[in-house]
Amino acid sequence: MSDKMYLYPLWVRIWHGFNALFFLVLLISGISMQYADLKYSFLPFDWAVLSHNISGVGITLAYLFFLVGFVLSDNKRHYKIEVKGLCGRLIRQMQYYLFGIFKGEGSPFPVTAESKFNPLQQTTYVAVLFVLYPMLILTGFPLMFPEIIIDNFFGIGGTLLTALLHSAVGFLSSLFLVIHIYFATIGSTPTSNFKSIINGYHERH
Amino acid sequence: MVKLTKSLVCLLLLSVLIVHARATDGADNSQCLQCHGQVFYEYHNEWTDQVDRKPLNPFHYIDSVKMKSSVHKMFACIDCHSMDYQTFPHSGELRLEEKYQCMDCHGGDETYAHFNFEGIESAFQESVHYKSSDERFNCWMCHDPHGYELALRQDKPIVEVVTLSNKMCTSCHDNKFKYGLLSHDDPVDIAATHAWLPNREQHFNKVRCIDCHTKVDADLLISHNILPKEQALRNCVDCHSANSVLMESLYAHRAKESRAKSGFFNAVVLNEGYIIGANRNKTLNTISVILFGMLLVGLLVHAVLRMIFSKNK
Ligand code: HEM
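If you read the protein sequences in the order shown, they are chains A and B. Those letters in the first sequence? Residues 1 to 205, by my numbering. Those letters in the second sequence? Residues 1 to 313, by my numbering.
Any given hint might turn out to be false.
Label pairs and their in silico Cβ distance ranges [claimed, not checked]:
no., chain 1, residue 1, chain 2, residue 2, range
1, A, L175, B, L182, 56 to 62 Å
2, A, I81, B, G293, 28 to 34 Å
3, A, Y79, B, L221, 18 to 24 Å
4, B, D186, A, I54, 31 to 37 Å
5, B, Q38, A, W47, 50 to 56 Å
6, A, H16, B, A192, 39 to 45 Å
7, B, T283, A, L10, 44 to 50 Å
8, A, V131, B, V289, 20 to 26 Å
9, A, F153, B, L296, 32 to 38 Å
Dumping the calculated DSBU-like pairs for lysine-lysine here, alpha-carbon to alpha-carbon at most 35 Å [claimed, not checked]:
no., chain 1, residue 1, chain 2, residue 2
10, B, K68, B, K99
11, A, K39, B, K229
12, B, K99, A, K39
13, B, K311, A, K4
14, A, K195, B, K282
15, B, K131, B, K176
16, A, K116, A, K39
17, A, K103, B, K311
18, B, K176, A, K116
19, B, K178, B, K215
Pulled from the structure, derived: some chain B residues nowhere near chain A, Cβ distances all over 10 Å [what the hints assert, rightly or not]:
no., residue
20, F177
21, E201
22, Q231
23, D238
24, L296
I should point out that these hints are in silico values taken from the structure, not numbers from a laboratory. Think of the CB as a built atom: it goes at the ideal place given N, C-alpha and C, for glycine as much as any other residue.
Looking at chain A on its own, in the form it has when it is part of the complex (with noise of 0.2 Å):
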């Protein structure tokens, strides 16, 4: 055990938390909605759709704040790729977490208190919030309030498509907290990056 990095401001911590809650419940509530079954469901329907507004409403509040967050303050530099040499950088995460690992070799790209993320996380989260969120909230609203959907888009119903759309991005984020919560177990310790997600303080190897 030794120093200690303070990595995750508060207001980070805050978001992260409400975030991880309200994904949590779309997540169950939309898969719930999606292969809802008179014999068998998840969730009694009028349930799931009830918790899936309320957290699909929370959610998007909680990534306001966080774009707020964003401008706000430094953590920002955090999420700058620098695109030349990007894809080089890539493959030797890959190839850490492939080989480099088994052999007890160091990460590639350590923790600093100037870039706390490695490659692929930076590229996995810019892409989650600044693609696949946008994405989500503006397929959302438009099923939450139905009526302001077109009828038709070119022979196919509007509703049809803003539906597919959703949850098929949604099916994407669910793959990334898959793979989120498994890498995050990758520190010194397996439990050690969760506590820092709590508390804020990184440990190093």
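Chain B with the ligand: place on chain A using the hints.
Relative to chain A, chain B with the ligand alone:
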């Protein structure tokens, strides 16, 4: 014997009417409509020798445009009402006149066998309306004699089918004067009693009242047995699932006619709507389950390898 003469009269009337219809495509009702098609009516008062102008009782108003699209558009007013209405003021006794009922004309008629009027009548006689009104409730109370048109059977767009059918119910349940003909209570507020239904307006535009308030009846295109409210459909999954009950009611007609091949459950709905839970795409579902499974297996293998290698060190 009385019944036989009545039927004979009806048969005669019918044949005359049908010939009449083929010839004119809609009767000339202008004499009656100059009063009954207006908000105000005028007549020459013989006692004062003046023209009187009066507001027409809105319940006596007849929408001539709606009448032209109704199934009985070819009828003249006096085919159903007494000839004596041609004089004004109408004789007071006329209001005692007995009205024709659907079965007087359509009962036992082969031409209309596919509608199964007899089946409809007996289902109707089981309904809460008939039973709780001392049999005063009749078919005309839903089927506007001056505007009823076929909806579902005519393959009108679903939204139109739903609007036409639901208006039959709301014309009374949202109107304390019509409702008051049958009950001493005011009608309960339909929006309030259905507040438990999310997106209520959307639902009322896309499903019929009878889809929840009747049970599917295989012999009838339109179930007519309105059940007590305790037996109404409340379970969302009855509609929002792969085996949606709507496929046997609102969409039954379409489902039978187009067995279109498509990767979706209940694909017929998709031309005009989308029902969560009932319109899943089979291919996308399979792909997503496979991808998710592969990811889990991959991560599991990675985790196991990590454990083995960390022990070996
Ligand atoms: C139960 C669910 C979740 C758990 C247990 C969890 C866990 C963690 C942990 C341990 C960290 C710190 C380590 C790291 O930076 O990788 C972290 C950070 C992060 N997580 Fe999650 N997470 C969850 C859900 C989510 C979701 C749904 C998102 C969606 C966007 C998300 C986005 C992020 C981001 C952007 C960071 C970095 C925050 C920053 O420092 O700026 N997490 N999470």
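How the hints compare with the structure:
1. A:L175 - B:L182: 56 to 62 Å: About 59 Å separates the Cβ atoms of A:L175 and B:L182, which means 56 to 62 Å holds.
2. A:I81 - B:G293: 28 to 34 Å: At 31 Å between Cβs, range holds.
3. A:Y79 - B:L221: 18 to 24 Å: With a Cβ separation near 60 Å, A:Y79 and B:L221 fall outside 18 to 24 Å, so the hint is violated.
4. B:D186 - A:I54: 31 to 37 Å: Hint holds: Cβ distance 35 Å, inside 31 to 37 Å.
5. B:Q38 - A:W47: 50 to 56 Å: The hint (50 to 56 Å, Cβ to Cβ) holds, given that B:Q38 and A:W47 are roughly 54 Å apart.
6. A:H16 - B:A192: 39 to 45 Å: Once the Cβ atoms are compared, 41 Å apart, the range 39 to 45 Å for B:A192 and A:H16 holds.
7. B:T283 - A:L10: 44 to 50 Å: With a Cβ separation near 45 Å, B:T283 and A:L10 satisfy 44 to 50 Å, so the hint holds.
8. A:V131 - B:V289: 20 to 26 Å: Cβ of A:V131 to Cβ of B:V289: about 24 Å, so the range 20 to 26 Å holds.
9. A:F153 - B:L296: 32 to 38 Å: 35 Å, holds
10. B:K68 - B:K99: Holds - the C-alpha atoms of B:K99 and B:K68 are around 21 Å apart, at most 35 Å.
11. A:K39 - B:K229: 24 Å, holds
12. B:K99 - A:K39: Violated, at roughly 49 Å.
13. B:K311 - A:K4: Since the Cα atoms of B:K311 and A:K4 sit roughly 26 Å apart, the hinted pair holds (cutoff 35 Å).
14. A:K195 - B:K282: Between A:K195 and B:K282 the Cα gap is close to 41 Å, so the pair fails against 35 Å, i.e. violated.
15. B:K131 - B:K176: 20 Å, holds
16. A:K116 - A:K39: Not OK: A:K116 and A:K39 at ~47 Å, beyond 35 Å, violated.
17. A:K103 - B:K311: Roughly 12 Å separates the two Cα atoms, so the pair holds.
18. B:K176 - A:K116: With a Cα-Cα distance of about 69 Å, the restraint between B:K176 and A:K116 is violated, given a limit of 35 Å.
19. B:K178 - B:K215: At roughly 26 Å apart (the allowed maximum being 35 Å), B:K215 and B:K178 satisfy the hint.
20. F177: 30 Å, holds
21. E201: At roughly 7 Å from the nearest Cβ of chain A, B:E201 sits no farther out than 10 Å, so the non-interface label is violated.
22. Q231: 17 Å, holds
23. D238: Not fine: 7 Å to the nearest Cβ puts B:D238 too close to chain A.
24. L296: 7 Å, violated
Comparing the model with each numbered hint stated earlier shows that hints 3, 12, 14, 16, 18, 21, 23, 24 do not hold.
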